[in-house]
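Please arrange chain C on chain E, whose structure you already have, making use of the hints.
Protein sequence lines, in the order shown, are assigned to chains E and C. Here this note's numbering = 1-based position in the first sequence + 5. Here this note's numbering = 1-based position in the second sequence + 5.
These are calculated hints, taken from the structure and not from any lab test. Backbone N, C-alpha and C fix where the C-beta goes; we use that ideal spot for every residue, glycine too. Treat the hints with caution; some may be incorrect.
[To be verified] Restraint-style ranges between C-beta atoms, simulated for each label pair:
#1 C:34 / E:110: 33 to 41 Å
#2 E:156 / C:140: 23 to 31 Å
#3 E:44 / C:114: 20 to 28 Å
[Unchecked claim] Which residues of chain C face chain E? A few of them, derived with a C-beta cut under 7 Å, are:
#4 61
#5 63
#6 69
Each chain, written out:
Number of protein chains: 2
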Amino acid sequence: MSFAPGTGEPIPVDIDRSGVDRCFGCGAANEGGLHLSFHRFEDGLVETRHHAAPHHCGLDTVVHGGIQATILDEVMGVAAQLALPDQATDLACITVEMHLRYRRPVPLADDVVARARLDRVDGNDLYVTGAIVGPDDEVLTAADSRWRQLVLD
Amino acid sequence: MSFAPGTGEPIPVDIDRSGVDRCFGCGAANEGGLHLSFHRFEDGLVETRHHAAPHHCGLDTVVHGGIQATILDEVMGVAAQLALPDQATDLACITVEMHLRYRRPVPLADDVVARARLDRVDGNDLYVTGAIVGPDDEVLTAADSRWRQLVLD
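One chain only, chain E, in its complex shape (with noise of 0.2 Å):
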């Protein structure tokens, strides 16, 4: 089981995360957090990269099923919200609902890779899948998820 890598050049995702700048998952102003940045593709693909902190193991040289859940919550929110025809604002959607199947353990000695791809939108719900994939694109964990577009009056 393999999650393909996006085509084309990777272009730095460049959104308003102002309003979340002490999150955990990406925020710059957090100085316990993981500062993930992203990279969308042509193809719609959103990747992130990122070397996990040896606190944040489960066993000693894997990567905590918790932390992997984080990445991929936030490389598949980053997927939504690029989905949506008005990305001006950081609160633009919500984590509803998340499945996560941990096929292989995630070494914490690699850098962890997540990508993460809409599926389809339905009304105000999106739905994203996601993996962490090893060397071969070889699926570590892979996710769904479902998100829900805020109505901001």
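Frame of chain E, contents of chain C only:
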């Protein structure tokens, strides 16, 4: 929707966790970890209470969904482990699958209260449900999980 507390007196869970003493969720030797501890009740329910650090937020006032996933993974894992005939090892079972439904924000200001209960055992698979609850046992985040008992030769 609610997730009821356990009945009877809470008893501290005392599993040998020396093999995971650097675990981000429960490791005593992890200075950057959550240091979760667990209680079980007479009816089998397992509970943990945790005051989240400010740097574990998503939006400024709520606990990040990935940190919620970490806490639910941990408390459900203890519920699975306590169901095994031999609880001697802290490597007894691993998360295979986790499904999270984020119903309401989990406030950073309050203690996070997470509960878990074994649903059923099917061969080497254990099914556990969990929740983060607010006042009046209202479910803020619901979880289902599947665990695989490791058969050590």
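Hints and how they fare:
1. Distance hint check for residue 34 (chain C) and residue 110 (chain E): the Cβ-Cβ separation is about 20 Å, which falls outside the suggested range of 33 to 41 Å.
2. Between residue 156 (chain E) and residue 140 (chain C) the beta carbons are some 28 Å apart, a value that agrees with the proposed interval 23 to 31 Å.
3. Here the CB-CB span from residue 44 (chain E) to residue 114 (chain C) is close to 35 Å, at odds with the stated 20 to 28 Å.
4. Because the smallest distance between the Cβ of residue 61 (chain C) and any Cβ of chain E comes to about 5 Å, under 7 Å, the interface hint for this residue holds.
5. Here the hint on residue 63 (chain C) is kept, as its CB sits about 6 Å from the closest CB of chain E, short of 7 Å.
6. The restraint placing residue 69 (chain C) at the interface with chain E holds, with a minimum CB-CB distance near 4 Å, inside the 7 Å limit.
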